[in-house]
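2 protein chains.
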Amino acid sequence: MAVKLNEEERESKLKPLLQEAKWSMVDGRDAIKKTFTFTDFNQAWGWMNRVALAGEKIDHHPEWFNVYNRVEVTWSTHDCSGLSLKDIKMATFCDNTCKTS
Amino acid sequence: MAVKLNEEERESKLKPLLQEAKWSMVDGRDAIKKTFTFTDFNQAWGWMNRVALAGEKIDHHPEWFNVYNRVEVTWSTHDCSGLSLKDIKMATFCDNTCKTS
Chain A
156 MAVKLNEEER
166 ESKLKPLLQE
176 AKWSMVDGRD
186 AIKKTFTFTD
196 FNQAWGWMNR
206 VALAGEKIDH
216 HPEWFNVYNR
226 VEVTWSTHDC
236 SGLSLKDIKM
246 ATFCDNTCKT
256 S
Chain B
156 MAVKLNEEER
166 ESKLKPLLQE
176 AKWSMVDGRD
186 AIKKTFTFTD
196 FNQAWGWMNR
206 VALAGEKIDH
216 HPEWFNVYNR
226 VEVTWSTHDC
236 SGLSLKDIKM
246 ATFCDNTCKT
256 S
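These protein sequence lines are chains A and B, in that order. Reading the first sequence from the start, the letters are residues 156 to 256 in this note's numbering. Reading the second sequence from the start, the letters are residues 156 to 256 in this note's numbering.
Okay, chain A solo, but in the shape it has when bound (with noise of 0.2 Å):
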């Protein structure tokens, strides 16, 4: 059962994804999200694939909106309704594998 993350967690590692990763808290929700921009459908697609594959190995998966080459992302963990460090390495997947952002 995954856990909210605490003060400590937040500060070392939320932290850095809202300041320097551009990601940003989802108004009203303990949630982050990020607008993912690619060169087309094929690049995006292939992205969101490898983001896919890498949820369902941990069973954790994105809340999303694609259209064309743009992927809207929203992380949160159900089971603790809020961030938990699956949101965290999810997120920071998310940022590994995209050429663009």
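It is worth saying that the hints were derived from the structure and are not from the lab. Do not take every clue at face value.
Given that identical chains are not distinguished, each listed pair holds provided it fits within a single copy or across any two copies.
[To be verified] Lysine-lysine pairs mimicking DSBU-like chemistry, simulated, CA-CA at most 35 Å apart:
1) Lys254 / Lys177
2) Lys188 / Lys244
3) Lys241 / Lys189
4) Lys170 / Lys159
5) Lys159 / Lys244
6) Lys212 / Lys244
7) Lys212 / Lys177
8) Lys241 / Lys168
9) Lys170 / Lys244
10) Lys188 / Lys170
Following the hints, put chain B in place on chain A, whose structure we already have.
Just chain B, lined up with the frame of chain A:
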């Protein structure tokens, strides 16, 4: 270049999607939407990949939102700012390739 559905096409092709296949018009847009629900993410993502490949083949891409086993799909055609025969084709493909709706 895709062109908007004419009156005859709306009657013969769009109407059945709205009246029988549970698609609905998007408020304020000449676009159709439908929510598909699957057993789990594996099933949802498998289906999304089939739709992605079919769309890419005819260079026509959905607007869609996914969270876990649920996929909300919208079809409209950017070129003509409204519904074209490509949307009818892809909506029908969506219906023909899903097990649940």
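Tested hints:
{"no.": "1", "hint": "Lys254 / Lys177", "in the structure": "within (14 Å within a copy, 38 Å between copies)"}
{"no.": "2", "hint": "Lys188 / Lys244", "in the structure": "both (14 Å within a copy, 33 Å between copies)"}
{"no.": "3", "hint": "Lys241 / Lys189", "in the structure": "both (16 Å within a copy, 30 Å between copies)"}
{"no.": "4", "hint": "Lys170 / Lys159", "in the structure": "within (15 Å within a copy, 48 Å between copies)"}
{"no.": "5", "hint": "Lys159 / Lys244", "in the structure": "within (13 Å within a copy, 44 Å between copies)"}
{"no.": "6", "hint": "Lys212 / Lys244", "in the structure": "both (12 Å within a copy, 34 Å between copies)"}
{"no.": "7", "hint": "Lys212 / Lys177", "in the structure": "both (25 Å within a copy, 33 Å between copies)"}
{"no.": "8", "hint": "Lys241 / Lys168", "in the structure": "within (11 Å within a copy, 45 Å between copies)"}
{"no.": "9", "hint": "Lys170 / Lys244", "in the structure": "within (14 Å within a copy, 45 Å between copies)"}
{"no.": "10", "hint": "Lys188 / Lys170", "in the structure": "within (13 Å within a copy, 37 Å between copies)"}
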